[in-house]
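Protein chains in written order, with this note's numbering: chain A, 1 to 772; chain B, 773 to 910.
Rather than coming from a laboratory, the hints here were simulated on the basis of the structure. All C-beta atoms, glycine included, are put in the ideal place defined by N, C-alpha and C. Don't take every hint at face value.
[As the list claims (entries may be wrong)] Example chain B residues on the side facing chain A (calculated, C-beta under 7 angstroms, incomplete):
hint : residue
1    : 796
2    : 799
3    : 801
4    : 841
5    : 878
6    : 887
7    : 894
8    : 907
[Unchecked claim] Far from chain B, some chain A residues (derived; all Cβ distances over 12 angstroms):
hint : residue
9    : 290
10   : 475
11   : 502
12   : 505
13   : 524
14   : 647
15   : 663
16   : 665
17   : 721
18   : 762
[Unchecked claim] Just a sample of chain A residues kept apart from chain B, beta carbon distances all over 12 angstroms, derived:
hint : residue
19   : 8
20   : 446
21   : 544
22   : 701
23   : 713
24   : 716
25   : 741
26   : 744
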Amino acid sequence: MDVFFFQSLTLPLVVGLAGAAGVALCRPALAARLGALCAVICLAAYVGMAGAVTTAQSLAMPFWGIPSLGVAGGLQLDGLSLVFALLITGIGALVLLYAGRYLQGDPRLPRLMVLLLLFMTSMLGAVTADDVITLFVFWELTSIASFFLVGYDHERLGARKAALQALLVTGGGGLALLAGLVLVSIVAGTTSLSGIIAAREVVLADPLAMPAMLLVVLGCFTKSAQFPFHFWLPNAMAAPTPVSAYLHSATMVKLGIYLLARLNPVYQDVVLWQDLLTWAGLLTAATGALMALRETDLKRVLAWTTVTALGTLTLLIGLAPELSATAAVTFLIVHALYKAALFLIAGIVDHETGTRDATALGGLGRAMPVTAAAAALAAFSMAGLPPFVGFVAKEIVYEAKLAAGGMAGVVASVGFLVNAAQVAIAGLLSWRLFFGPLRPTPTQPHDPPKSMLAGPVLLALLGLLAGAAPSILGTWLVDGAVAAILGRPADVPLKLWHGFTPVLALSVATVALGVLILAGWARLGPRLRRAAPLDRFGPAAAYDRALAGLVAWAEGTTRAVQHGSLRGYMRTLLLVTALAPLGVLVARGGLALPEAAPVDPRALAFLLIAAGAVATALARGLFAAVMAMGLVGFGTAIVFLTFGAPDVALTQFTVEVLLVVILATVLIRLPLRARDARTGRQRASDAAVASMLGLSVALVLLAVLASPFDPRLGDWFGAQSVPGGHGRNVVNVILVDFRALDTLGEIAVLAIAAFSVLALLRGAGRRLRTGT
Amino acid sequence: MHASLILRVSAPLLLWVPAVVSLYLLVRGHNAPGGGFVGGLVAASGLVFHAIARGQAAAMQVMRAPPAAWCGAGLLLALCSGLLAWIDPAAGYLTHRWWFPDLPVTLPLNTAFVFDVGVYLAVIGTITAMAFALVAEE
Numbered sequence: 001m002d003v004f005f006f007q008s009l010t011l012p013l014v015v016g017l018a019g020a021a022g023v024a025l026c027r028p029a030l031a032a033r034l035g036a037l038c039a040v041i042c043l044a045a046y047v048g049m050a051g052a053v054t055t056a057q058s059l060a061m062p063f064w065g066i067p068s069l070g071v072a073g074g075l076q077l078d079g080l081s082l083v084f085a086l087l088i089t090g091i092g093a094l095v096l097l098y099a100g101r102y103l104q105g106d107p108r109l110p111r112l113m114v115l116l117l118l119f120m121t122s123m124l125g126a127v128t129a130d131d132v133i134t135l136f137v138f139w140e141l142t143s144i145a146s147f148f149l150v151g152y153d154h155e156r157l158g159a160r161k162a163a164l165q166a167l168l169v170t171g172g173g174g175l176a177l178l179a180g181l182v183l184v185s186i187v188a189g190t191t192s193l194s195g196i197i198a199a200r201e202v203v204l205a206d207p208l209a210m211p212a213m214l215l216v217v218l219g220c221f222t223k224s225a226q227f228p229f230h231f232w233l234p235n236a237m238a239a240p241t242p243v244s245a246y247l248h249s250a251t252m253v254k255l256g257i258y259l260l261a262r263l264n265p266v267y268q269d270v271v272l273w274q275d276l277l278t279w280a281g282l283l284t285a286a287t288g289a290l291m292a293l294r295e296t297d298l299k300r301v302l303a304w305t306t307v308t309a310l311g312t313l314t315l316l317i318g319l320a321p322e323l324s325a326t327a328a329v330t331f332l333i334v335h336a337l338y339k340a341a342l343f344l345i346a347g348i349v350d351h352e353t354g355t356r357d358a359t360a361l362g363g364l365g366r367a368m369p370v371t372a373a374a375a376a377l378a379a380f381s382m383a384g385l386p387p388f389v390g391f392v393a394k395e396i397v398y399e400a401k402l403a404a405g406g407m408a409g410v411v412a413s414v415g416f417l418v419n420a421a422q423v424a425i426a427g428l429l430s431w432r433l434f435f436g437p438l439r440p441t442p443t444q445p446h447d448p449p450k451s452m453l454a455g456p457v458l459l460a461l462l463g464l465l466a467g468a469a470p471s472i473l474g475t476w477l478v479d480g481a482v483a484a485i486l487g488r489p490a491d492v493p494l495k496l497w498h499g500f501t502p503v504l505a506l507s508v509a510t511v512a513l514g515v516l517i518l519a520g521w522a523r524l525g526p527r528l529r530r531a532a533p534l535d536r537f538g539p540a541a542a543y544d545r546a547l548a549g550l551v552a553w554a555e556g557t558t559r560a561v562q563h564g565s566l567r568g569y570m571r572t573l574l575l576v577t578a579l580a581p582l583g584v585l586v587a588r589g590g591l592a593l594p595e596a597a598p599v600d601p602r603a604l605a606f607l608l609i610a611a612g613a614v615a616t617a618l619a620r621g622l623f624a625a626v627m628a629m630g631l632v633g634f635g636t637a638i639v640f641l642t643f644g645a646p647d648v649a650l651t652q653f654t655v656e657v658l659l660v661v662i663l664a665t666v667l668i669r670l671p672l673r674a675r676d677a678r679t680g681r682q683r684a685s686d687a688a689v690a691s692m693l694g695l696s697v698a699l700v701l702l703a704v705l706a707s708p709f710d711p712r713l714g715d716w717f718g719a720q721s722v723p724g725g726h727g728r729n730v731v732n733v734i735l736v737d738f739r740a741l742d743t744l745g746e747i748a749v750l751a752i753a754a755f756s757v758l759a760l761l762r763g764a765g766r767r768l769r770t771g772t
Numbered sequence: 773m774h775a776s777l778i779l780r781v782s783a784p785l786l787l788w789v790p791a792v793v794s795l796y797l798l799v800r801g802h803n804a805p806g807g808g809f810v811g812g813l814v815a816a817s818g819l820v821f822h823a824i825a826r827g828q829a830a831a832m833q834v835m836r837a838p839p840a841a842w843c844g845a846g847l848l849l850a851l852c853s854g855l856l857a858w859i860d861p862a863a864g865y866l867t868h869r870w871w872f873p874d875l876p877v878t879l880p881l882n883t884a885f886v887f888d889v890g891v892y893l894a895v896i897g898t899i900t901a902m903a904f905a906l907v908a909e910e
């Protein structure tokens, strides 16, 4: 194997998929280790590729395109993709290892592992795709994986509702995203992301630019839980904790941020883009901070702080200059490290004590010292205290906000309050949880085994190490990603110590206010929880109302359309079939009569059909009608036969036999009255509908015959049948060779129809038997 | 419901004659009227007669596998018959391949026939699945 193989961007995708298959087949006890191994292999692959990725250079390779549809396909790894890929695989490995222990003994564990690996693969595909369609497909796969993972405890109503909510919000946004991406690629003339960025001027000059941008932003906002779509994220905490740590804080919810950052080179100078991202981000951050202080469930607290972080990231992308891009990437990495660690710690606490209620927990440090130490490290990073990398991030975020021009005042002061809330929550999750007075818990806590501790400890230590040497983080990871976000390299060095600056003063004030909030949390929390309007008028309530309205509307429509009268259905169907083509024919002036031709003796066969039709209409009982209908069918077959289509005739004969036999058998069994029970009026209206259909079909057929016959297709098939298909039966050669794909589709439809009939009749049979 | 004596006695005839005819139609289909679709219909009608005459269970026993399995097997066979096209990387999926081995008799080996057999099986499965469900004994 040459070096190129290890630099192959498809390798991680293949490993992820193969791993998912392997995990499904291997013993549950080994599943977690195998899964983690796959993630480590992918991580190693990306680390190996990191050398080839610089601020000016990226790796690219072809991958799954549909040239005939203009879908370019292709994978690309630049600085931004690399940051995401490393987070996805690195945190993925730790989470998989953790999950194996966390859910030990759960019979559904292999399924969780499969889903997590599939999710990891889709995430990797999404962040390395250089093609909007490929990106979209992987994007939607992550939504679907999220649906199944949130609904992991599918026996709980809450989990099912949360899963559906997450899917509806992100999936609905996904549709907007698809529309937006398609518009952008039509305007740019390519589906390649790098091509779209290169065609920036063309994209922006088009009148479709703004609708396309808004649609893409909508998709990103739903995925990354921006206000007013943020409500699904806290509810998604119904998922097992490893899933929350991985999908709903470290990776999936950042996919929207990823795409915003990816498309930033195109839109960064558009004022609407800047404003939209800035204000939505600010509002989201503030909402998250406020709601986090209301919660008592550890996981929901963390979820709301994730909302805050996502808002901050969106805000930073919206702020134009170089500083904010560096701040965004640094904060992205920092947040992923400490938030995943804290989620995993919350999971450990839940696992060991049996509760996640922050008000009921405290002083756990003595019982679980290692966990407490990891929590403290991660929380310091979250609070933005030196020498942790969180401090580096917070300083540069403040700097970026203060440099935001006219908006600096609002952005920085809201940011100050939000950060103070973050400090308070960091304290809540470390000091109050582990160091305060000990509170009794349902089970006796102690430190969990190594496989569960590895994740939080490693992530927390990384936060400390990166803080100690921020310049390494900067040159190795941040600069490349920043270059991708801005479309040009930026030179903003990361430093731990900036000297005595206004930003430092702001940091000190933030910590002070945070400590004050923490001290008052016991009183502030209940007061916020009692603020009912937050529940009643929020977007979450609007979602519930919309869903209830949809159900009511569907019920109304169903009642109007599915009224249950079989004759009514038939009448509607036949009238539409009759009037629609007739209407088109009349409106477009297509009515025409063919030229008169001498009467052909073969026309006698048509008399048989006519006789059958008359006999059906006059038949006194259902049986007689079925038999007479058969006559129509056989007459048609004879027509085919006499006009040189023996194949079609053969099929027609067989179908007719089957139809008559099956109909007759069914009629014998059904408790139907033998005689026609319709009133005279009903018969008259039925006759009118039937005549209408007959007239319509006749007129259409006459018009068809009047138009000149184009024999090219028939001639071509006739000429090609033997040389191209080695067969003299043209019909069969068309079916199995020239148009084989159509035939394949048709037999697939047949199979689907068969299964539907089976399902329907199984239900009907049961109803008939039980008499309900 | 009890089928009439005539129907019950002639059941084997009504089953096997269509079965043989259907195979004949299937094999000759590429060069003369016939083919997998109509062959499948004929074979299925034989099985439906049998189900009416001797009951669904007896017909299922003749079929060995449930109709859904026939359906699936047919679909799978038709799907797979197209894969050999990729022996030639430039050819599209379902481009049929033909071999004429050097034998004293003409033996045209080809994937088009495999595809047609797939259609045949799928049609039998579909029709019997529907018909059996409709004529099932209560």
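### Structure versus earlier hints - violations, ascending order
Structure breaks hints 1, 2, 4, 5, 14, 15, 16, 17, 18, 25, 26.
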